[in-house]
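Novice: Sequence:
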Amino acid sequence: MKYYKLSYDYENDDHYVNCDVGVIRDIDEYSVSNGNYIKDWSEVRFKYNSEDGSVLSDYIANLYRWLIVSKKFKELVEEAVKENVIQYLSVNLFDTKNSVENTEYKIANLLDIVDALDLEHSKYDVFELDGEKIISVEKYALKEEMVQGHDIFRLKDDTIPIFISERIKDVIENNSLTGFALIEVEVH
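Just so it is clear: in the sequence shown, position 62 is 62 by the UniProt record's numbering, and no numbers are missing.
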């Protein structure tokens, strides 16, 4: 099966909503990228101005780079993936121009963290920061035996990028979901 790095589609987002203000109160901005289930979730609100972009895509750009997804994405992925690997958290999107609030979107907290980075076939740099070795990956490759059976996940020790299986890619493309950019990654 093929796998893809999922990111926001900056190339085609001229008219898309971009939430450049976030009100997350006491929530750690990294809490939705470490794979942990979140028990206490307070109200989160992202603001945008529809004069700058009024199209609500299925993946909403935001200053924290969280995976904020439409109801359509949520329902389609829940249908395709039977495992409970995503916790959907409430979020309010607020249009400051029209004072309109949208509660149809969810923050996808991915719970599946996989130790699948294939350093032998990846392209990366290593540097040290405060005595800690940091790997900066330019081109990802994944270990086939580790990703089998996983449809949407983050990597252990590199929880920013999101990876999806061909099955999720097909859901996105066959249903014309917007806001997603996909880059195929090598699997060995």
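A couple of the hints might just be wrong.
Estimated spans, in silico, between C-beta atoms of each pair [said to hold, decoys possible]:
{"#": "1", "residue 1": "I38", "residue 2": "E173", "range": "36 to 42 Å"}
{"#": "2", "residue 1": "T96", "residue 2": "E132", "range": "26 to 32 Å"}
{"#": "3", "residue 1": "K156", "residue 2": "E75", "range": "25 to 31 Å"}
Quick list of in silico lysine-lysine cross-link-like pairs, DSS-like style, CA-CA up to 27 Å [unchecked claim]:
{"#": "4", "residue 1": "K74", "residue 2": "K156"}
{"#": "5", "residue 1": "K97", "residue 2": "K123"}
{"#": "6", "residue 1": "K106", "residue 2": "K123"}
{"#": "7", "residue 1": "K97", "residue 2": "K82"}
In short, the hints are calculated from the structure, not lab data. All C-beta atoms in this analysis are idealised placements derived from N, C-alpha and C, irrespective of residue type, glycine included.
Novice: Are there hints from earlier that the structure breaks, and if so, what are their numbers?
Specialist: 1, 2, 5, 6, 7
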